[in-house]
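There are 2 protein chains.
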Amino acid sequence: MHKDQWFSEISYFNSHMTGFKVKQLLHEEQSKYQNIKVLDTHSVGKLLLLDNKTMVSQADEFVYHEVVSHVPYMCKPEVENVLVIGGGDGGVVREYVKHSDITSIDLVEIDERVIEVSKKFFPECTSGLNDPRVNVHTTDGIEFIQSKKNHYDIIVIDSTDPEDFAAGLFTEKFYKNVYESLKDDGIMINQTENPFLDEYGIKKIYSNMKKAFPIVKSFYAPMLIYPGVYWTFGFSSKKYQPTNLVRSKILQMKNLERSLKWYNTDWHIGAFQLSNLHKRKIGL
Amino acid sequence: MHKDQWFSEISYFNSHMTGFKVKQLLHEEQSKYQNIKVLDTHSVGKLLLLDNKTMVSQADEFVYHEVVSHVPYMCKPEVENVLVIGGGDGGVVREYVKHSDITSIDLVEIDERVIEVSKKFFPECTSGLNDPRVNVHTTDGIEFIQSKKNHYDIIVIDSTDPEDFAAGLFTEKFYKNVYESLKDDGIMINQTENPFLDEYGIKKIYSNMKKAFPIVKSFYAPMLIYPGVYWTFGFSSKKYQPTNLVRSKILQMKNLERSLKWYNTDWHIGAFQLSNLHKRKIGL
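Chains as they are written, first to last, in our numbering: chain A, 1 to 284; chain B, 1 to 284.
There's no promise every hint is true.
You can't tell identical chains apart in this list, so a pair holds if it fits in one copy or across any two.
As the list claims (entries may be wrong) - Below, simulated DSS-like cross-link-like pairs (lysine-lysine); rule was C-alpha separation at most 25 Å, straight line:
no., residue 1, residue 2
1, Lys176, Lys203
2, Lys261, Lys279
3, Lys261, Lys120
4, Lys261, Lys204
Source of the hints: derived by calculation from the structure; they are not laboratory data.
Input sequences plus hints: build the corresponding full structure.
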C-alpha cells in the first residue's frame with residue numbers, strides 16, 4: 001500500500017464501500033488470529049485494520065470508547081468491577097480509569113499483538129492500561145467469563161463483527177454466561193452493527209440478548225470509519241433502566257464532560273430515543 | 001457504467017470515498033444546470049446523482065424527507081404556508097401534504113429536469129406534487145423568496161453542498177431574505193453537512209444563520225448515502241423552540257407515526273441532544 005493509494009472496506013454482501021486515502025502503511029503483520037495493519041490516512045489519521053476491517057481511527061475512536069463506558073456507568077449507583085472483552089486497543093479502559101470509584105478493570109483480549117501494536121501506534125488509546133487497577137488477560141473472552149460468577153458491575157463486549165472467532169460473542173449461550181458473571185444489578189453493553197446495512201441479522205442478536213436479560217434497550221452513535229456509520233449498541237440490564245441516570249453522579253460527570261469529546265448526559269438520554277427504523281430493525 | 005461496476009463519491013478534499021455497486025445505469029442527461037444520473041444499486045436501490053454527488057436513494061430518502069418536514073411542523077401551532085427550496089425530487093412535499101391544516105406548499109426547484117427525472121424514477125417521492133395545494137416553480141430560490149414577505153410559516157432549504165449555484169443558499173444575505181419571507185413566528189430548516197468531514201465550514205454556516213435569526217439550534221439524522229452519514233440540520237426560528245412540541249398536535253402525530261419510516265416525537269426530542277463534538281463544530 002503506497003502513498004495516495006486508497007484503502008477500501010467492502011461490506012454488505014460485497015455491495016457497499018468506504019474508502020480512505022492512504023498517506024502511508026505504518027505497520028503490517030500476521031498474528032496468530034488475524035492480519036493487523038496500521039495506516040496513516042488523509043481523512044481519519046491513523047487507522048487500525050484487523051483482517052482489512054476498520055477498527056479504530058484517531059478521528060472517531062472517542063465516540064465508541066466514551067459511549068460504551070460512560071452510558072452504563074451513569075445508570076448504576078455502584079460500579080466497582082468492570083470487564084472489557086475485546087478492545088485490545090485500550091480505549092474503553094482509558095475511559096473507565098477516569099472514574100475513581102472503580103476498583104478493578106479486567107481487559108480480556110484474545111490477540112496480544114493487537115495490544116502491542118496499539119501501544120506503539122495509538123498510545124492515546126492505551127494510556128489507561130498502566131493504571132494499577134487494570135489487569136490485562138490475553139485469553140478467550142468466552143472461556144474467561146465462565147470462571148467468574150456474580151462478580152462484575154459492567155461487562156462491555158467490544159467485539160468485531162459476528163463472524164470467525166467473534167461469532168461466539170453474539171449467541172444466546174454467551175449472553176447467558178455474561179448474565180451469570182454480572183452482579184444481580186449488572187449491565188452488559190455491546191456493539192450491535194448498522195441497521196441500514198444489516199448483513200448479520202440485528203434482530204437475531206437482540207432476540208438472543210432478550211433470552212438472557214430482563215431489560216434490553218438499544219442506543220446509537222456514529223462511527224465514521226464503520227460501514228454505514230450509524231451504529232447501534234445494546235444495553236442489557238438486570239435491574240437499571242438506561243435513561244434513569246444516577247443523580248449523585250451527575251455533578252461529577254458535568255465536570256468530566258468538559259474534557260470528553262463526545263459524551264454528555266443530555267446526549268446519553270437522546271441516544272435512546274429511537275427512530276421507527278431502528279426499533280423495527282432490532283425488533284424491540 | 002456497467003453491471004457490477006462501482007459508483008464512488010469522493011469527498012472531503014479528495015480523501016474519503018463512499019461506493020455503491022451498480023446493477024444498472026437507468027438514466028443519464030446533461031441539464032442546463034448539471035449532470036443528472038439515476039443508478040440502480042445493490043445496496044441502496046435506485047440512486048439519484050447530480051454532478052456525481054449522491055442526492056436521493058430508496059434506502060434512506062425517508063429519513064431526510066420526514067425529519068425536515070415533521071420537525072418544524074410539530075413546533076409551530078399554525079402551519080398554513082410552506083416553501084421548499086430545492087428538493088425537486090418531491091420527497092419533502094410528500095411529507096407536508098400529509099398534514100390537512102396546511103393550505104399551500106410552494107416548491108421552488110431551479111432545474112425542472114430534476115423534477116421530471118424524479119417523476120419517472122422516484123414516483124414514491126413525487127407522489128405529493130399532484131396535490132392541489134402544491135405549486136411548483138422552476139426558478140431560482142434566491143430570487144423567488146425576495147418576492148414574498150411575511151408569508152410563510154416554514155421554509156425548508158433542501159439544498160446540495162455549498163458550492164456552485166447552491167453556494168448562495170448558505171450566506172448571511174440569503175438567511176436574512178428567508179427571515180423576511182417568514183411570518184413573525186416562522187421557522188427555517190436547512191441541511192448543514194457532516195461535522196466529522198467538515199469540508200465547507202459548518203461553523204460559518206451557523207454563524208450566518210445566527211446573524212439572521214434569534215433562535216438557532218441544530219439536530220442530527222443519518223443519511224446513509226451522504227459522505228460521513230452523520231448529518232446535521234439547522235433549526236432557525238423567530239419564536240418557537242425545537243423541543244417544545246405543540247401539545248394539540250401530538251395525538252394526531254402519534255397516528256401518522258405508524259405509517260412513517262423514521263420520525264417519531266421521541267426521536268425528535270432526542271435528535272436535539274447534541275454531543276460535545278457536534279456542539280463544538282457548529283460553535284453553538
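Against the structure, the hints come out as follows:
Proximity of Lys176 to Lys203 under the C-alpha cut-off of 25 Å is restricted to the intra-copy arrangement: shortest distance 17 Å within a copy versus 47 Å between copies. Proximity of Lys261 to Lys279 under the C-alpha cut-off of 25 Å is restricted to the inter-copy arrangement: shortest distance 10 Å between copies versus 27 Å within a copy. In this assembly of identical chains, Lys261 and Lys120 lie within 25 Å of each other by CA distance solely inside one copy; the values are 23 Å within and 45 Å between copies. Taking the shortest Cα distances, Lys261 and Lys204 sit within 25 Å of each other only across copies (21 Å), while inside one copy they are farther apart (32 Å).
In this structure, none of the earlier numbered hints is contradicted; all agree with it.
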